[in-house]
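Novice: Fit the two chains together into the complex; they arrive one by one in their own frames, and the hints show the way.
Residue-level listing of the chains:
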Amino acid sequence: METYIQIIANGLMLGALYACIAVGFSLVWGVLNVINMLHGSFIVLGGYLAFFAWAQLGVSPFVMLFVVAAALFLLGFLIQYGAINRVVSKPVLLTLTLTFGLDLILYNFMNVVFEATPRRITLDLGSLGIGEVMLPYDRLLAMLLALAMTGILYWVLRSSRIGRAIVAVRMDRDAAALMGIRVNKVYAITFGISAMMAGACGALMAVVYPITTNTTGLLLGKAFTICVIGGLGSVPGALVGGLALGLIESFAGTWLGAQYAILIGSLLMLTLLMVRPTGLIGKRGYE
Amino acid sequence: MSDLSAIVSPPAAAAQPKRPLLQIQGLEAGYGDVQVLWGVDLEIPNGEITCIVGSNGAGKSTLLRTISGMVRASAGSIHFAGQDMTGAGPDRMLGAGIAHVPEGRRLFRGMSIRDNLLLGAYMRHDSRADIERDLEFVYGMFPILKQREKQDATTLSGGEQQMCAIGRGIMSRPQLLLVDELSLGLAPRAVELLGEALLEINRSGLTIVLVEQDVLTAFDLASRAYVIETGKVSLSGSTAELAADPRVRRAYMGM
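As given, the protein sequences belong to chains R and X, one line each in that order.
Under the numbering used here, the first sequence has 1698 at position 230, and the numbering climbs by one with no breaks.
Under the numbering used here, the second sequence has 339 at position 122, and the numbering climbs by one with no breaks.
Watch out, some of these pointers could steer you wrong.
If you only want the chain X side, here are some residues facing chain R, beta carbon under 10 angstroms, derived [to be verified]:
hint: 1; residue: R282
hint: 2; residue: G286
hint: 3; residue: M287
hint: 4; residue: R289
hint: 5; residue: S291
hint: 6; residue: R323
hint: 7; residue: G327
hint: 8; residue: G337
hint: 9; residue: A338
hint: 10; residue: G375
hint: 11; residue: R385
Stretch by stretch, here's where chain X covers chain R in the computed footprint (C-beta under 8 angstroms, at least three residues) [what the hints assert, rightly or not]:
hint: 12; stretch: 1626–1634
hint: 13; stretch: 1640–1650
Anything over 12 angstroms on all C-beta distances counts as not near chain R; from chain X, calculated [claimed, not checked]:
hint: 14; residue: E409
hint: 15; residue: S440
hint: 16; residue: D462
Calculated from the structure, these hints are not laboratory results.
In this text the structure is predicted, and so the values were computed from the model without any measurement.
A virtual CB, placed ideally from N, CA and C, is assigned to each residue, including glycine.
Extracted from the complex, chain X is given alone in its bound form (with noise of 0.2 angstroms):
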């Protein structure tokens, strides 16, 4: 794998590594009428990946889309890389640095995946050839990609149109890359290989959180994790110690 660290900006909290680069406290956010997180807190510590994991309806994807910027918190607050982020919407938030890869990809139909993968770089105000240069880097690491660039997006198989999605996600140069899902779906060697993919991009510095509905999936991943059930935190710590405990056991990993 070419040159990693060119496309990931320095963590910008390096220096301090004590302090987390995603704060959450009291947060609450919801649809209409309908709250669904009720006081989440949440620390989320720069260049580790963290998993969100939680069954079905715990509200999981809605903290994901209050951090990126697509749900409006109604109450608390979001600290990113130090700066008070509450209530900044979906263009903010990724100016900031935090990008969002959304649960079924959501991958532009009708484009090819080339056109998919600059609209993430949408925002970005560098040069063609830096552009050029960090698709380059997304067609390294996922080939399968270079090799279709000119074909509809929506026709890959669907752990390509994931690597495609996380590619899109990248290109935004982000600090803080959200996954929704990643395994949603797909064949267990494609989960794999993404899995393989998700370490890459994090070894290179690139903080990951990860939402998975699989927590074996999600635990082997990441080194810390957050159980989230209906709209709150009900237990977090690494991912070691909550693969012990019993109630997670019983729970999320059918023991």
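Extracted from the complex, chain R is given alone in its bound form (with noise of 0.2 angstroms):
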């Protein structure tokens, strides 16, 4: 009984993550229509300034998301205005070309200034210990701050001016503009929150689990995933995939090994795809 708490235990910890990965990835295509080819470098470039700050100049990675949130939002909403608004509305292989062209100069930018050798914050805070079951320290801070940055962005969506003027785009641009919402603008910004969504995440991962550049395709396929097992548009079925991706990868790794567990997750993603193309709580609007 205890093996199988923890086997779920260690599964929400990790889906946690994995929904902060996606939610940001899926904000995009869903309101831009932009495939993002970027965020698997997005979430790695996170990690990697949380782990020289924390490495060189002690800085704590919980304190540091912060900053690294910060500085990939501005990434975020200058790749989007300075490069991507350009094509923004072009048929979405355009935007996708666009993207991997982006996501080629900053793989190999990250290669020559951090160099691929996987790199992981050691934190030692201690395991919260129930009966058998260990939860550490780091991995429940971690998911925990990933849920809260969800649930930050869901209410943002939901509730805020700009969430309000993120959705409105999404449903109709031209009406959109007509209330005087400056499209590129929310462009920009939306891109900018996905972007800092994706760099907070890597620097929670970095906690967790060794950075290196060679994670970044893999960590984009987990996005994609999670979309389609969630569901496309909207910030619970982001969450809901990730928690699913999460348990399947930590089942599938305990019962067959962790080579098995990326293995699984796509199947699934394959069966849903043609049982249940919209996902589990798929939406046609972002909310």
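Specialist: Quick look at the structure:
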């Protein structure tokens, strides 16, 4: 019994980070209709920034999180405003190619500056033990912060002025412009928020897993898988998809071995694409 | 109906009634290589309802979209309330006081009626209480919107959606309200109700430009009219004059 609880706890701790990865990817896809190939690199960049701040300056990653979030927001905003906005209403293949090209630049830049050696922040905060179940405090804290960020994003989209503008632009670009909403600026803010979520999540991941540039593609793939499982276009969809993938990987990893975790996740994605292409709770809008 | 003057800004040019609120000269515009407007001259007097009529494809909607900044003019000028607004984007046009209720209502799906109305006030930086009061004004004019406040706006009937769209336009506190195709696809009773609401809004001092395919409805509401044909103004004058003009009667009223 305790083994199962441990597997579930591991899955949820992983899943919360997955949800946080996917929610920004899903937002950009849903609102801008852009499949952002840079997303995996944003996560790794956030992880590296947190790692070097910790290793060289001794800054706690849970503090660095906010600096990383601000830096990545700015980077995302500038990339969208300066580059992607120029082609954002063109067919999706063009924006995909552009973000793919930008990703090559960022990926190789990170390879040169940071090198591809896997690095991890080790905090050794101890573990919360409930019976036989062990919950390491660093993972627990990372999970709670990831869930909090996802919750805040949900609230911002539903209840704030900029959130209403983002949803309005998603629904009807022209009608939104008639409300005085500056569409290009809202696009840039949306992309900035997405990069911010990715970077902050990367900082949290560096506490749990080794960070290396080699994982950018893998992380991008996870974001994709989660969006398909949970359903594109909503924060709850990304949350459900992320938690589901975390649990599946946790069970598959324990029963079949770690090498099968990704395989099972991808099989689930394929199955869902065949039987329920909108995902578990997919919506056409974004909320 | 409660205090109408509360919502409508005082007409800026009230002191000079001769001066038109909106003045358009030699306006040319289109989409890419397709030119739609070929030198439109137009004057919208302050405080009146002016209608723009013409057949399908004449350029009526493009004209409105150019006035609200959605389409950039390639030649000509737009002056609003004494200011040169040529080339301004939709946010500046709305900021200057021009609100556009687009053809087909274009309400935001998945959002409540209340949120749709609040988006109309997106550019305003007034206090929450001010905006809340204007919301109550819209609800006072269209009580059905209040009853369904929390409901998805696109689940309303066509006429109710048009009420919501007009309400959303008013929420920006404009000086000029552009309404594109008020009656299109709506039941006669709904058109009647909406027409009365527009007259009421106009009486409180808001200038209205109404684009209509249904000339009878348009002439009923407006005091002045412009007839547009293939991207140019072909006739203009008071609606009483034009209604008696045999050219208008033959082409647009089926008489």
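Novice: If a hint holds in the structure, say so; if it doesn't, say that too.
Specialist: How the hints compare with the structure:
no.	hint	result
1	R282	holds (9 angstroms)
2	G286	holds (8 angstroms)
3	M287	holds (6 angstroms)
4	R289	violated (13 angstroms)
5	S291	violated (19 angstroms)
6	R323	holds (4 angstroms)
7	G327	holds (4 angstroms)
8	G337	holds (6 angstroms)
9	A338	holds (9 angstroms)
10	G375	violated (16 angstroms)
11	R385	holds (8 angstroms)
12	1626–1634	holds (count 3)
13	1640–1650	holds (count 10)
14	E409	holds (26 angstroms)
15	S440	holds (26 angstroms)
16	D462	holds (34 angstroms)
Against the hints set out earlier in the document, violations occur for numbers 4, 5, 10.
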